[in-house]
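Here are the chains, one letter per residue:
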Amino acid sequence: MNKVGRLFRNLANQLGVVSLVSVIILILMTLAGIFAPFFVKDPFAISGNTYLPPTYEHPAGTDSLGRDVLSRILVGTRTALYVGLGAATLSSLLGTVIGGLAGFRGGWVDELLSRLIEIFLVMPIFFLLILVVSLFGANIMFTVIAIGAVTWPRNARIMRAQALSLKETTFCKAAVVSGASTSRILFFHIIPNGIAPVIASSALLIGSAVLIEAGLSFLGLGDPNIISWGGMIRDGRKALTFAPWLSLFPGLALVVFAAAMSFLGDRLSHILNPELSKKTM
Amino acid sequence: MVIYVLRRFVQMFLTVGVIVALIFTLIHLAPGDLASTLAGREAGPKYLEQVRVKYGLDKPVLVQFGTYLSKLIRGDLGYSYTKSQKVSILLMSRLPATILLMGTSLVIAVTIGVLGGTLAARFYGSALDSALSGLGVGAASIPVYWLGLVLMYVFSVQLGWLPTSGMRSIDGGGVLDILRHLVLPVTSLSFISAGRYLKITRASVAEKMGKDFITTYRAVGFDERTIFMKHALRNGLLPVVTMVGLRVGYLLAGAVLTETVFSWPGLGLLIYRAILSRDYPLILGGYLVMAIAVVVVVFIVDLTYVLLDPRVRVTAKGG
Amino acid sequence: MIEVKDLTMHYKATLGWVKAVNDVTFSVDKHESLGIVGESGAGKSSVAIALLRILPQNGVIRQGKVLVDGLEVLSLPGSTFRKEIRWKKISMIFQASMDALDPVYTVGHQLISILRLHRNVSKKEARKKAEAAVGRVDLRSSILNSYPHELSGGMKQRVMIALSFLLIQPSVVLADEPTSALDVLVEDRVLKQMKKLQGESDLSVVHISHNVSTILTMCDKMAVMYAGEFVEYGEIRTVFRCCAHPYTIGLLKAVPSLRAPTEMLVTIPGTPPSLIQPPVGCTFAPRCPLAAPICRETTPPIVKLADDHWVRCHFARDIRKEDVHFGTL
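Chains as they are written, first to last, in this note's numbering: chain A, 1 to 281; chain B, 1 to 319; chain C, 1 to 329.
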């Protein structure tokens with residue numbers, strides 16, 4: 001038991017105060033998203049109590065259809081987690097494999113992929129997503145896939161750089177000489193050793209993906225069947241003058257989630273790439 | 001060196017070309033018949049056929065793309081379906097508003113962000129640094145449209161100091177009027193961007209502080225302040241130039257969202273509405289302009305970096 | 001001339017205090033050079049860092065006295081030390097690294113700005129002095145117009161040598177593994193240059209290296225460092241012939257001789273101890289083939305074997321080179 005305790009102490013020390021708080025907040029939000037809908041009111045329940053300001057009954061007020069805002073925010077957490085994790089996973093999977101292959105193989109494969117990565121890095125991806133979503137339909141799963149498909153170049157670039165330096169290491173060269181296939185070297189040697197910065201980048205990507213989806217929903221391009229914080233802000237906009245809480249609270253949820261994710265991601269990259277500045281007297 | 005510039009120039013063209021081709025492909029891959037969208041739901045088959053011929057939709061995709069490109073070279077971006085105007089004219093008319101919004105925000109955000117990041121790096125590890133970088137990360141996480149709404153509520157609805165939307169008041173108004181309308185959108189956009197630039201600057205400069213030549217200069221007897229200004233900053237701010245340039249895309253996205261919230265009559269809002277109403281020539285034209293703008297900015301930034309960093313200059317000389 | 005007494009410097013790490021330098025005492029006269037030799041991690045570089053007071057944030061000088069030309073410098077306030085001592089009295093050559101010089105300024109610009117920090121000369125004069133300095137290390141003056149990344153490793157080190165020995169002419173030069181990152185031929189050139197410059201001036205040199213042969217060629221005195229302390233110290237010929245500490249013996253035996261008949265190469269088994277929790281008693285005891293119970297209980301005293309030679313060992317007077325056997329490769 002003591003060993004587990006020590007592990008936690010060590011982790012806590014490494015993370016620092018801010019990231020620790022962020023992790024706690026994120027865990028709470030996740031739990032709230034998963035379990036809360038069983039406890040709070042039905043987020044889809046339309047009632048006559050429209051536009052109620054925050055009260056004890058409805059801690060975040062009600063919206064234009066009398067639905068409880070707090071419940072909707074909590075359910076919106078699920079969407080955020082789905083989008084964030086889904087897009088980040090897809091993006092890092094694609095990016096890792098493609099980037100690793102490009103870096104390891106070199107040659108025309110690398111040339112082609114590098115050009116592709118460059119183009120994607122420069123392109124305004126939000127606009128691309130707006131176009132894609134409006135053309136092909138606003139389905140949440142499709143949106144997640146689209147976000148993942150558009151953000152993989154960032155991870156690919158990181159992984160490619162890792163692969164380039166790793167393929168010069170003795171153990172990789174040994175694997176090549178002993179006749180291991182490209183995929184074996186890639187999946188058993190290069191990717192496991194080079195994946196650290198990709199993980200850190202993916203943490204940050206979770207936050208970005210959520211903000212992107214929220215932006216799309218705000219513009220009315222979100223999935224009408226699910227509750228999204230961005231969509232809630234959009235709905236609340238019409239009632240800004242007399243019911244500002246409708247836009248305020250979902251936005252706060254977004255800020256807290258994205259900021260926590262960002263602090264955590266920054267700290268992770270700090271831990272995984274120790275480039276602490278050495279100050280001397 | 002000249003070869004390098006030329007090479008980047010050609011790359012620029014190719015990138016824009018690929019982007020436009022991508023957009024074109026996406027539009028034509030979309031479900032639904034383009035012609036019926038244009039003709040309307042109640043169109044009879046004969047009218048539908050007329051529409052098809054009129055817009056060249058009866059020809060194969062590659063031919064359509066070819067036609068588009070040939071017109072493009074002549075500067076003809078086509079005709080907007082919804083606005084009944086030449087696309088090029090429409091885009092030009094809205095461009096200044098967006099440039100005003102984005103340009104002002106960029107200048108303010110870069111100034112505040114870089115200054116803040118430099119300060120944080122100078123006092124790395126201190127309470128000031130924690131406060132600044134915390135603020136930066138927090139600011140960068142805020143959705144720009146939400147901030148816009150919050151500011152709008154406080155300053156327009158409640159306090160009535162500033163107008164809620166648009167670029168001008170209904171009864172005309174001069175420069176001062178435009179400025180008053182500009183305050184809220186620019187504040188929203190630059191606050192968030194500044195946070196991003198602060199993060200970048202701090203990371204870059206702090207990284208340079210750990211390099212060996214800093215130790216050399218300390219051993220040689222220079223004081224901390226000179227070391228920071230003459231060496232850490234000079235090295236640390238270089239990559240910031242490139243990174244800010246690369247993030248022009250983010251600024252553009254932010255512009256769309258800001259223009260939507262504040263009904264700012266700019267390019268972003270135009271393209272957004274075009275997308276919603278399936279106005280394809282306008283969409284294509286708008287993307288073209290955006291792609292060119294972003295690519296040109298990156299190109300300029302790249303060249304500046306080459307001029308500033310002696311290490312890269314040598315590689316560039318080699319072509 | 002430099003005198004160091006009981007210098008002790010520790011680093012604060014997450015797991016405890018790293019006792020990097022403990023009670024280090026030595027002196028180097030004008031025209032003299034001292035070589036500090038030892039394995040990586042023995043604390044050799046830390047001595048140099050402490051002397052120049054360029055410790056990282058987690059480094060603390062616990063105690064010690066450092067007299068440079070008679071003046072005690074450790075107790076000087078930071079700004080005075082920086083203005084009067086750094087580079088004026090003590091200079092340092094760092095281990096060759098890619099980034100020892102700022103990559104965005106030319107070599108000449110950097111040398112000139114460093115020179116003008118310490119001497120009141122015009123830019124023109126500074127340039128002439130810089131040209132003269134790099135000339136004395138066999139570099140063409142055109143190098144001043146180049147950027148650091150355009151120079152090879154050997155050229156960069158020679159610039160650093162010019163910077164440390166010649167530009168300002170301090171009293172003491174600390175050379176921390178100056179040739180470790182260079183290939184053998186270049187190393188030979190660089191060391192010859194250093195020796196020439198040493199001879200032409202009257203400064204004191206402290207040469208730090210893990211390479212015993214280098215020290216034997218270059219220095220007048222030798223200090224053997226193990227686990228943060230000096231275990232043997234003396235005139236180089238005396239130490240070479242009459243070395244008494246088992247570690248020194250092991251080190252010297254590990255170097256193959258060009259002239260002697262071929263023998264098996266000797267290694268010292270085991271690894272250096274943790275500096276956070278150094279062993280009780282003699283720090284070398286865990287690896288010493290002659291270790292006795294007393295070695296693991298009491299810290300060995302400093303035993304003076306001659307005027308110019310002392311050893312930190314319980315059995316200093318009794319040890320003969322032939323009796324000490326380690327493992328062989």
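A few of these clues could be false.
[What the hints assert, rightly or not] Here are the computed lysine-lysine pairs in the DSS-like style, where the Cα-Cα straight-line distance is at most 30 Å: (1) C:K321 / C:K196; (2) C:K12 / A:K3; (3) C:K304 / C:K5; (4) B:K230 / C:K5; (5) C:K65 / C:K128; (6) C:K30 / C:K5; (7) C:K30 / C:K129; (8) C:K195 / C:K65; (9) A:K238 / B:K83; (10) C:K88 / C:K129; (11) B:K230 / C:K83; (12) B:K86 / B:K59; (13) B:K83 / B:K59; (14) C:K65 / C:K129; (15) B:K230 / C:K89; (16) C:K124 / C:K65; (17) C:K30 / C:K195; (18) C:K124 / B:K230; (19) B:K46 / B:K83; (20) C:K123 / C:K65; (21) B:K230 / C:K128; (22) B:K83 / B:K71; (23) C:K123 / B:K230; (24) C:K88 / C:K195; (25) C:K129 / B:K230; (26) C:K30 / C:K89; (27) C:K321 / C:K65.
Just so you know, these hints were derived from the structure itself, not from any lab. Only a predicted model underlies this, so the values are computations on that prediction, with no experimental measurement involved.
These are the hints, each one checked on the structure:
Only pairs whose Cα atoms come within 30 Å are accepted, and C:K321 paired with C:K196 is rejected, the gap being roughly 33 Å. Annotation: proposed proximity of C:K12 to A:K3 holds, straight-line Cα distance about 24 Å (limit 30 Å). Restraint check for C:K304 and C:K5: satisfied, since their Cα atoms lie roughly 17 Å apart, inside the 30 Å limit. Restraint check: the Cα-Cα separation between B:K230 and C:K5 comes to about 37 Å, which exceeds 30 Å; the hinted pair is violated.
Of the pairs offered as hints, the one joining C:K65 and C:K128 is violated, with about 38 Å between alpha carbons and a cut-off of 30 Å exceeded. Restraint check: the Cα-Cα separation between C:K30 and C:K5 comes to about 18 Å, which is no more than 30 Å; the hinted pair holds. A distance of roughly 24 Å separates the Cα atoms of C:K30 and C:K129; the hinted pair therefore holds under the 30 Å criterion. A distance of roughly 28 Å separates the Cα atoms of C:K195 and C:K65; the hinted pair therefore holds under the 30 Å criterion.
Between A:K238 and B:K83 the CA atoms are separated by roughly 26 Å; this keeps the pair inside 30 Å, and the hint holds. In summary, the hint linking C:K88 to C:K129 is supported, as the alpha carbons are separated by about 16 Å, within the 30 Å threshold. Distance restraint check for B:K230 and C:K83: the Cα-Cα separation of roughly 18 Å lies within the 30 Å cut-off, and the hinted pair is therefore satisfied. Under the criterion of a C-alpha separation no larger than 30 Å, the hint pairing B:K86 with B:K59 is consistent with the structure, at around 22 Å.
A hinted pair counts as satisfied when its Cα atoms are at most 30 Å apart, and B:K83 with B:K59 qualifies at roughly 25 Å. A distance of roughly 34 Å separates the Cα atoms of C:K65 and C:K129; the hinted pair therefore is violated under the 30 Å criterion. For the suggested pair B:K230 and C:K89, the alpha carbons sit about 24 Å apart, so the restraint of at most 30 Å is met. For the given pair, C:K124 sits about 40 Å from C:K65 by alpha-carbon distance, which is inconsistent with the 30 Å threshold.
Restraint check for C:K30 and C:K195: satisfied, since their Cα atoms lie roughly 14 Å apart, inside the 30 Å limit. Using a Cα cut-off of 30 Å, the hinted pair C:K124 and B:K230 holds, with the two alpha carbons roughly 21 Å apart. Under the criterion of a C-alpha separation no larger than 30 Å, the hint pairing B:K46 with B:K83 is consistent with the structure, at around 24 Å. With a C-alpha separation of about 38 Å, the suggested pair C:K123 and C:K65 falls outside the 30 Å cut-off, and the hint is violated.
A C-alpha spacing of about 23 Å is found between B:K230 and C:K128, which places the hinted pair at or below 30 Å, so the restraint holds. Between the alpha carbons of B:K83 and B:K71 the distance comes to roughly 20 Å, so the proposed pair stays at or under 30 Å and holds. The hinted pair formed by C:K123 and B:K230 meets the criterion: a straight-line CA distance of about 18 Å does not exceed 30 Å. A threshold of 30 Å between alpha carbons decides the hint, and for C:K88 with C:K195 the separation of about 21 Å falls inside it, so the pair holds.
Simply put, C:K129 and B:K230 have alpha-carbon atoms about 23 Å apart, close enough for the 30 Å limit, and the pair holds. Restraint check for C:K30 and C:K89: satisfied, since their Cα atoms lie roughly 13 Å apart, inside the 30 Å limit. For the hint linking C:K321 to C:K65, the alpha-carbon distance of about 34 Å lies beyond 30 Å, and the restraint is violated.
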